[in-house]
Every structure is written in C-alpha cells, then in structure tokens.
Amino acid sequence: MSAESIVASPKRRRRDEVRHIAWLWLGLTILLVLFSIWVPARLMGPPASPTMRAVESTMTVFSIAASPVAALVWAIAIYSLFRWKSRGEPTEDGPPFRGNGPVTASWAIVSSVLCVFLLIWGLAEMTSTTSPAEASNPLVVNVTGQQWVWTFSYPDQGDVESDQLYLPLNRPVVFHVSSRDVIHSFWVVQMGIKVDANPGVTTKTSVTPDKLGVFDIRCAELCGLRHADMETSAHVVNPADFAAWITQNGGHT
Amino acid sequence: MAGTAAVVLTGFVLTNAGATPGLLRATVNGTAATPQGVLPHAFLKLDTYPDSAAGPHGSDGGAHPDWVTYGPTSNLEVPAHSLVTITISQYDSGGTITNPYFAKAVGTVGGTIEVDGKTETEIDPDAVGHTFTIHALPTNQDPLFVSVPLPAVADDAPLVEGSDYAAPHVVTFSFITGGRGEYIWNCEYPCGDGYYAKFGGPMSTQGYMSGSLNVT
Amino acid sequence: MTAALVDQPVEPVSTAGGMLRRLNLVTAIAGGLILGLAGWLISHSLLQDDDLGSDQVVLVTLSCWAAGFMIGIGALNGPIGWALGRDLRHEDELFLAGKDQGVARYFRFTTDHKVVGIQYLVVTMVLFAFGGTLAMLIRTNLISPHSHFLNPQTYNAIVGLHGLIMIIATIIMVTGPFGNFIMPIMIGARDMAFPRLNALSLWLIVAAIPTILSAAVLGGIPTGWVGYAPLADQAPPGMDAYSVFIIIFAVSSAVAGANITTTVLTMRARGMSWNRTPIFVYGTVASVGLAIPAFPLFMASQVLLQVDRTQGGQFFVASGGGSPWLYSNLFWLMGHPEVYVILIPALAALMELTPVFSRRPLFSFNAAVISIAGIVGLSIMVWAHHMYASGWAPDLNGPFMLTTEMISVPTGLLFLVILGTVWRGRIWTTVPMMATYAMLWNFIIGGITGIYLSDVPADYALHGSMFVTAHFHYTLMGAGLTGAIGALAYWFPKMTGRMLNERAGYISFWFVQIGFNVTFLGMFAVGLAGQPRRVVTYAQLFAAGNFVSTIGAYSIGIGMLVLLYAVINSWLHGQVAPANPWGAKTLEWTVPNPIPLENFEVLPVVTSDAYGYGEEDEPASGIDPEREPVLAGASADLGPRPVGASNVEGGP
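Chains as they are written, first to last, in the working numbering: chain A, 44 to 296; chain B, 8 to 223; chain C, 132 to 783.
In case anyone wonders, no lab produced these hints; they're calculated from the structure. Heads up, a few of these hints could be off.
Okay, derived cross-link-like pairs now, SDA-like style, lysine to any residue, Cα gap no bigger than 20 Å in a straight line [to be verified]:
| # | chain 1 | residue 1 | chain 2 | residue 2 |
| --- | --- | --- | --- | --- |
| 1 | B | Lys111 | A | Asp206 |
| 2 | B | Lys205 | A | Val244 |
| 3 | B | Lys111 | A | Gln200 |
| 4 | B | Lys111 | A | Asn292 |
| 5 | A | Lys128 | A | Gln200 |
| 6 | B | Lys205 | C | Leu584 |
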C-alpha cells in the first residue's frame with residue numbers, strides 16, 4: 044500500500060499526510076475535550092466548598108488544555124502505525140531529515156506557554172483558595188490525629204470535644220492540625236483540603252463549607268495498622284443547629 | 008532465588024493466618040428496654056493483662072510474653088440491632104493518657120460506664136490503664152463509635168493470692184448496635200512500651216491491643 | 132561443583148585466579164550464613180534480645196550476613212591482594228573476566244561486563260517476579276471493600292515490600308542489564324573502566340536482596356516504601372532490614388554510577404565525539420549520574436533512622452527535638468531524582484530503538500540531549516512537590532510548583548523526538564517498536580496527570596489518594612517498565628544469541644498493556660473519588676473501580692508470565708540470531724554472536740553517528756547486505772558501512 048503512494052508526487056502526498064493527521068488530531072481533541080468536561084470533575088463528586096469547586100474547575104481546565112497535546116501525540120502515533128507501517132522488515136529507509144528547527148522551536152515555545160499558563164492559573168487559584176478564611180472571624184477547630192482516630196476541639200466555644208466534626212454553613216474555618224504520634228494527613232474529601240498532622244508542630248488549613256450534609260474525613264498518610272479505618276464524618280449544619288450542638292456538648296457560642 | 012521467594016511467601020501466609028485469633032461470640036440473654044425500644048441483650052466479657060502470660064497467646068506467652076494484651080481473644084462478634092453489654096476486667100497499670108478525650112465514655116448508653124460498680128462518665132486522665140475504642144469506615148455501615156476508658160491498677164496494689172496480678176478494675180458498659188457491619192477496635196492509651204510514641208509492638212498488632220468486632 | 136570447575140580439562144595446571152577459583156555463589160551464601168550466625172550469636176548474647184534489643188540484633192546479623200556474603204564471593208580478594216603488594220597477572224585477570232568458565236562464570240565474582248549484564252538481567256527479573264506476586268496479592272485483597280484476604284498487618288507489610296522491590300527493580304532494570312552489557316560495546320570499549328567495581332555493584336545487590344526479603348518474617352515494613360519517620364521509628368525489626376538493604380543498595384549504586392560515568396567519559400571509541408554518541412549512552416549516564424548525588428541522601432536517612440531505632444537517637448522524634456520533616460526532605464531529595472533515574476534510561480532505550488524500526492535518523496538529536504540534561508537539572512529542584520500538603524514551608528509551594536511544571540517542557544521535547552523519528556518512517560512493528568507506541572500512550576497519561584498533581588490546590592485534594600498511585604504507575608510502569616521490556620526485546624538477540632519468540636512477545640504485550648490501562652484507569656477513578664492510598668479496606672463507593680483494577684491486574688500478571696515464558700524458552704531454544712537482526716547501526720551490532728571476551732579484536736574508529744538511515748553514503752536499501760557476523764576491526768571487509776563505524780581502522 045505504501046509502496047505505490049511513495050512513487051506518486053511526494054509533495055502532494057506530504058500535504059495529504061498532514062491533512063489526515065490534522066483531521067485525526069481535531070477528532071481526538073474533540074473527544075478528549077468532551078471527556079475533560081464530563082468526567083474528571085464528575086468523578087470527584089459534588090463540591091462542598093469553594094476550594095473544591097476551584098480544584099474541580101482546575102481539573103477540567105487542565106484537562107481541556109492538555110487535550111490537544113495528547114491528541115496530537117496520539118494522532119501522529121496512530122497515523123504512523125497505519126499509514127507508515129511497513130509489512131514486515133522494511134526494505135528501504137525513510138527520509139533522512141534529522142530535525143526541523145522551526146518545528147522543534149515551536150514545540151518548545153508552545154509547551155513553555157502552556158507551562159506559564161499552568162503556573163499563573165495555579166498561583167491565582169492558591170491565592171483565591173487560601174485567603175478568605177484568614178480574613179474574617181473564622182471558626183477555629185483544633186484537629187488531633189492519633190493512631191487511628193481523629194478528635195476535634197473548639198477552643199473558642201469552651202473547648203467542646205468530639206470525634207466527629209461539626210461545622211456551621213458558610214462560616215470560614217481554620218483548622219489547627221497536629222498529631223500525638225506519627226504523621227497523619229487530615230483530608231476533608233469533598234471540601235478539597237488536606238494537610239498533614241505532624242507530631243510536635245501545628246499545621247493550618249482553612250475552608251468555607253458551603254453545602255449542608257455529611258462529608259468524609261480520611262487519613263491520607265499511611266499511619267500504621269488501622270490507617271484504612273482512620274475515617275470520620277464532617278457534618279455541615281445550619282448555624283443555629285451548630286450553636287445547639289455546641290451547647291448540648293457543654294460549650295458556649 | 009525462587010526458593011527464597013517461596014520461603015518468604017510462606018512466611019507471609021503464616022503470619023497472615025497466625026494473626027487471626029479465635030472468635031468470641033456474644034451470648035444473647037433475654038431482652039432489654041433501651042431508648043430505641045426493646046432489643047435483644049447480648050453480653051461479652053473481656054480482660055486486659057499487663058503481659059501475655061494470661062491472654063490468648065498460650066501459657067508461655069507466645070512470641071512476645073512481655074506484651075500487654077486483651078483476652079481471651081481480640082476477634083469479637085455481636086448481634087445487630089441489640090443492646091450489647093461488655094464487661095472488661097482490667098489488670099494492667101497505666102498513667103496519663105495523651106488525649107484526655109479518651110478518658111471519657113463516648114457512645115455508650117447514657118454516656119456512662121460502671122467502674123467497679125460506680126457509674127461514671129469519665130475517669131482520671133492521669134490514671135488510665137487502657138481504652139476500648141470501637142470505630143470503622145462510617146460510610147460502609149451504620150456509624151458506631153464507642154470509646155471506654157479502663158482505669159489503671161495502682162502500681163503498689165497487692166497481688167491477689169494465687170495469681171500473678173493485682174485485683175482488676177471491672178468496667179461495664181453498654182451500647183446499641185445498628186445493622187450488620189465490620190468494625191475494628193483498638194486501645195487509645197499508648198501502652199506499647201519501648202516503641203516510639205508507645206504505639207508500636209502490641210498496639211500495632213492484631214490479637215494484642217487491637218482486633219475486630221463484627222456485627223452480624 | 133567448585134571442584135569440577137577447578138579440574139577443567141582446558142587448563143589442568145592453571146592457577147590463574149588464585150583463591151577466586153574456589154569462590155562462587157555457594158561459598159558466598161555459606162560465608163553470609165556463617166558470619167550472619169556469628170553476628171547473631173554475639174549480638175544476641177551481648178544485648179538482651181527482648182523486644183527492646185531485637186533491633187540491634189537484626190541490624191548486626193544482617194550486616195554480618197552481607198559482609199560474609201561479599202567475603203565469600205571474593206569481593207575482598209582484590210583489595211587485600213593490593214594491600215599485600217600483590218598485583219594480578221594477566222591470566223588472573225582473564226580468569227576474573229570469566230574466560231573459559233562456561234555457565235559457572237555467572238555464579239562468580241566475574242568482571243566481564245557482559246556477564247555482569249546478564250546477572251543484572253536475572254536479578255531484575257527475579258525482583259520483578261517477586262514484586263509482581265506481591266502486587267497480585269495486593270490487588271486480590273482489594274477486589275472487594277472487606278475481602279479479608281489479607282489482614283491489615285500483612286497487607287501493610289506487603290504494600291511496603293511491593294513498593295520497595297519494584298522501585299529497586301525499576302532503578303536497575305535498564306542501566307543494570309543493558310547499561311552493563313550493551314553500553315560498553317555501543318561505545319566501542321572492551322570492558323568497563325573498573326571491571327571489578329562492576330562485579331562489586333552487582334554482588335552487593337545480590338547480597339542485599341535476602342536482607343530485604345527477611346523483612347517479611349521480621350514484622351514487615353509497615354510504612355510503605357517511603358519508610359516515613361516517625362512511623363519507621365515505631366515499626367517492627369523489618370524496618371532494620373529495610374535500612375540495611377537501602378544502605379547496601381546506595382553503595383552499589385554509587386559504585387555502578389562512578390563506573391558507568393567514567394567508562395563513558397574515557398572509553399568511547401576513537402572518533403565517537405559527543406554528537407556521535409548514541410542517545411542510549413546519554414540516558415544511561417544521566418541515570419547513574421543522577422543516582423550519584425541522590426542515593427547517599429537516602430543512605431544518610433537510613434543511618435539516622437538506625438541511630439534512632441537502635442541507639443536511642445531522636446533525629447526524627449519531635450519530642451526529642453528532631454523533625455519528621457528532616458526525614459521526608461532527605462527521602463524526597465533522593466525520591467524525585469530517583470523517578471528520573473528510572474525513567475530516563477528507559478526512554479533513552481526507546482529513543483535508541485525507534486530510529487532502527489522507523490528506518491529514520493533520530494529526530495533532533497540535540498533536542499533529545501538537551502531534554503535529558505534539562506530533566507536531570509530540574510529533577511533535583513522539585514522534591515518538595517511531594518510535600519505540598521505536609522505543612523513544611525508552605526511559602527515554598529509556589530516555587531516548587533514552578534520547577535515542577537517546568538519539567539514538562541524538556542519532557543515534552545522527548546515526545547517530539549520520538550514523533551519526529553517515526554514521521555514518514557518505515558515502521559516495523561516489532562515488539563520493541565510496539566513498546567515505543569505503548570509508551571507514547573501511557574506516558575502522555577502519566578505526564579498529564581502529573582500536571583494536576585503539580586498544581587498546589589489540586590494536589591491538596593489528590594495527594595495521598597489512589598490518583599497518585601495510578602499516576603506514578605503510568606510513568607514508572609507504563610513508560611519505564613514498558614521501555615525496559617522494549618529494550619529487552621531489542622537487545623535479546625545480542626545478549627543471548629537467540630531471537631525472542633515474537634508471537635509470545637505480542638501476546639504478552641497486549642495482555643500487559645490492556646491490563647495495565649484497565650488497572651490504572653480504574654485506579655484514577657477511585658482516586659478522584661477520594662480513595663486513600665495503602666488502605667486494606669475502603670468505602671463501598673470505590674468497590675466498582677477497585678474490582679475493575681483487580682481484573683486488569685490479573686491481565687498484567689498473565690501477560691508477564693507469558694513474557695517470562697518467552698524469555699526463558701527463547702533463551703534456551705529460540706531461533707539463533709544473526710549478528711544484526713534488526714539492521715541497526717550502533718556498534719554492538721557489529722560484533723559477532725557469541726560476543727568474544729573482549730568484544731573487539733581491534734577497537735573500532737567511528738566516523739559518523741548511528742542514525743544515518745536513508746542518507747547518501749548509505750546503500751540504497753536500508754538493510755545491511757552483509758547481515759552475517761563481521762569481525763569489527765577488519766577494515767578491509769567493511770568498507771563504507773551503515774553501522775556508524777565505517778572506516779574501522781586496524782591497530783589498537
């Protein structure tokens with residue numbers, strides 16, 4: 044198959060090849076963009092905080108941005124496998140060109156531009172997801188990890204203690220996280236926050252829960268025998284219910 | 008090489024099998040009135056020992072005679088939708104617990120425990136022997152979080168005649184099970200002496216200070 | 132067995148090799164057992180071997196085992212001889228190189244780089260077999276949320292061992308077998324610069340393997356392969372086995388790194404300037420060169436850990452003034468360069484074989500070299516992206532995000548190099564070439580998912596989840612191991628003199644690649660949904676994804692068994708290979724099968740690079756008309772040749 048076409052006008056053949064690859068590229072890009080829009084964020088589940096919403100849009104945007112890159116690589120690869128395949132051992136060599144300066148340069152420039160885009164996006168996202176909670180009258184929760192349970196205390200509410208996390212809706216929270224023994228990692232899955240619980244130091248993370256419901260807190264750092272079972276629930280409730288829960292547990296608001 | 012691999016794999020199989028101790032089933036005896044209506048009433052009796060001479064590890068103490076251990080086994084089974092009453096005889100000494108939260112009774116009926124016949128909601132966090140703390144993946148089954156502190160036996164308590172141990176503290180508590188599920192329990196008082204944070208050795212080994220609790 | 136060898140009829144009165152004539156793997160194991168037992172008895176009686184003393188006893192025993200093994204294999208004979216002022220005679224050196232010893236030389240302290248290469252290949256395959264079996268156990272346990280196939284202790288131990296064994300196997304899988312066997316011939320050398328160091332690096336690994344396997348019966352490594360302190364301070368004596376293993380491995384990799392680097396710097400054939408040096412050589416040097424600064428840090432972390440565990444040190448104990456972050460920094464200062472130690476030579480092998488099977492010059496050789504250099508340079512400045520969520524220096528997360536994302540630029544260029552090479556080529560879809568295509572597929576996925584993880588907020592959501600596990604399997608296995616399998620299929624005819632069974636190769640390829648994608652796409656899904664890594668049970672939500680992953684893993688297992696069968700069967704009974712079955716142009720294909728002891732009778736002189744496919748001074752056909760073995764150095768026989776070694780001159 045390839046033997047005949049090689050003989051025909053090489054210029055035209057080259058144009059055809061580029062056109063075919065361009066179509067294949069376009070098709071794959073569309074498929075991947077659709078995948079990017081529908082799949083990654085959906086797999087992460089409904090977000091329970093602006094932070095998680097930002098993370099999910101990052102996943103979607105990065106996937107879309109990566110789609111033409113992956114599509115180009117796969118388009119050329121797939122095309123070469125079908126169009127330039129030799130039946131058995133090749134009886135002749137391919138064209139001897141050893142590079143193409145403009146192509147290499149544009150490849151490097153485009154990937155650098157993409158890289159700069161990723162960086163700027165990431166920095167902007169970092170600022171937007173960390174600053175709000177620090178700003179205004181946050182609820183402080185001390186989180187203690189120990190082998191293999193989490194406990195929470197509310198220092199400004201009369202040191203109420205609990206093995207489950209209760210948070211009022213729409214109020215910024217700052218978590219002061221530490222560990223009694225080994226390294227754990229405090230992860231509120233649907234809120235998109237995670238920070239290690241280290242012995243001897245306190246680490247911080249913050250979030251503003253904006254969805255009512257029960258969410259998952261998991262340990263994300265292997266911490267020994269019962270690491271898999273080191274899970275508990277985060278309950279996001281209306282402020283009035285939160286106040287009631289605090290009072291019921293002997294605290295004050 | 009293949010021989011070594013086979014030996015090591017066999018080692019894994021043996022440790023895997025060896026760490027699954029005998030099962031202790033709660034005995035159901037009548038029914039009880041609970042805040043959730045009249046439920047079957049199941050009973051379990053456990054012990055905690057300062058070493059492995061009296062636990063489930065054989066009279067010679069097994070591989071680690073000096074490890075603290077629960078007894079008679081760590082593999083427990085209780086009925087679903089029941090009132091479960093557990094009595095633990097605690098023979099070990101202790102000290103200050105790292106997290107005072109676990110010096111309180113959590114998740115028991117009425118939030119109380121009975122310590123040597125007296126009803127309490129918490130014990131002295133500076134004299135904790137062990138805890139019995141049940142939890143699990145909350146998403147797979149009805150949530151169940153029960154934590155009960157067990158007071159320490161004083162270091163200078165006299166030995167009971169004919170026994171290697173002083174008289175135990177007896178702690179009784181009840182909780183209500185939901186549907187079927189697989190839970191685990193462990194001790195939250197760091198008592199693995201000689202290990203970092205006292206949480207290695209017996210604390211990190213099934214069959215000593217940690218085990219399973221199946222609700223069936 | 133030893134006696135029989137001594138009485139070889141070839142040289143009945145020879146005393147070449149001296150004491151080394153009587154030393155082999157059997158005496159090494161005996162030496163290791165004797166010294167190990169002695170170490171155990173002494174430390175056991177001096178230290179109280181209760182639960183507090185057992186760490187010291189394990190440390191002493193395993194160290195003694197390794198020392199005894201190295202003495203028993205004869206690693207110290209050379210240095211002791213020099214210390215006593217004795218140097219080797221020529222026949223001693225020939226004996227050391229394994230001359231006329233048949234299969235026995237593979238079980239000795241043999242210096243011939245080809246023997247060492249084969250030994251590395253076998254060691255790598257043994258490690259993969261073991262690590263793969265553990266992977267099957269892990270996946271079987273995860274087939275359902277509460278499978279109870281493994282209890283949590285065993286599960287944690289297996290997860291740690293699987294990780295560590297696979298990391299070590301992937302580190303040595305390319306630079307070990309092919310860097311030692313192929314690379315010296317590829318640059319036109321008769322052996323490595325330091326042949327005895329070569330044997331030393333290999334036998335150190337062999338000595339270390341039993342120490343890591345012993346962890347299985349010493350309570351396991353419950354920390355994952357990272358060995359994070361202070362969990363490692365708390366762990367059972369299996370952790371001591373881990374430390375001993377890492378310390379020995381670090382010495383081995385330093386020795387191998389110095390050796391390979393020196394060889395390439397000083398022993399390239401005349402005329403092999405840097406722009407004529409094959410890209411695989413660059414990949415090998417980049418890999419071992421990167422390992423030289425990386426592994427001592429890992430070794431240091433283990434020395435500190437042993438001070439903590441056995442001497443009451445507090446390096447990683449916060450309450451004693453130590454810091455767990457010290458460990459994680461030391462670890463990742465090794466850990467991130469290490470992934471490129473694994474990846475670069477595998478990609479370089481694929482870049483080496485892609486021109487051969489495309490019949491095209493390597494596209495933009497300079498871009499390939501610059502990319503490798505760029506990756507090496509950047510890879511030592513990205514380690515803390517593993518620690519975004521650790522709480523250590525949050526202000527540095529931005530800078531580390533920058534360096535991490537910058538790596539995508541040189542990595543992207545490597546894709547261009549391969550795509551440009553297949554562009555309008557004559558694609559010969561052999562198993563090695565299929566590996567290139569599989570890499571293009573897998574590594575794009577691995578690379579893009581790495582970009583999500585480089586983004587700090589996204590990493591907060593994904594760190595420690597199965598998403599990370601899937602990501603690095605896509606890079607280290609989907610690209611790295613796939614590249615190593617491609618390299619094996621490519622160089623198998625040269626290393627064994629026989630062709631790898633192609634049919635079995637294809638069957639294995641599809642089972643492995645399809646299974647791989649099923650396994651790890653499923654793992655991405657559960658990772659995005661929030662399943663943590665290294666868990667023995669998991670939420671019901673993740674059940675479907677895990678089931679799919681396990682089925683995929685079984686497919687990988689089947690494919691790998693087929694590959695194992697193909698390798699063993701072809702090695703023993705395969706079709707005899709011509710000297711240059713693929714029509715390749717690098718120097719290793721100019722030497723005959725079986726390769727003579729010192730490779731080249733006369734050292735070649737190189738006048739062009741090895742990628743001149745389709746160029747004017749070539750025969751019209753891309754196929755070498757003289758496919759039969761040719762003696763390199765017989766310049767009259769060669770003429771202008773497509774081997775990159777035209778005008779081979781006589782004379783040393």
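Okay, the hints, checked on the actual structure:
Among the hinted pairs, Lys111 (chain B) with Asp206 (chain A) is consistent with the structure: their alpha-carbon atoms are about 12 Å apart, no more than 20 Å. Straight-line distance between C-alpha atoms of Lys205 (chain B) and Val244 (chain A) comes to about 19 Å, which keeps the hinted pair within the 20 Å bound. Proximity of Lys111 (chain B) to Gln200 (chain A) is assessed by CA-CA distance (about 19 Å); at most 20 Å being required, the pair is judged to hold. Distance check on the hinted pair: Lys111 (chain B) and Asn292 (chain A) sit about 13 Å apart at the alpha-carbon level, within 20 Å; holds.
This hinted pair does not check out: Lys128 (chain A) and Gln200 (chain A) have alpha carbons roughly 72 Å apart, beyond 20 Å. Our distance criterion of 20 Å between C-alpha atoms is broken by Lys205 (chain B) and Leu584 (chain C), whose separation comes to about 35 Å.
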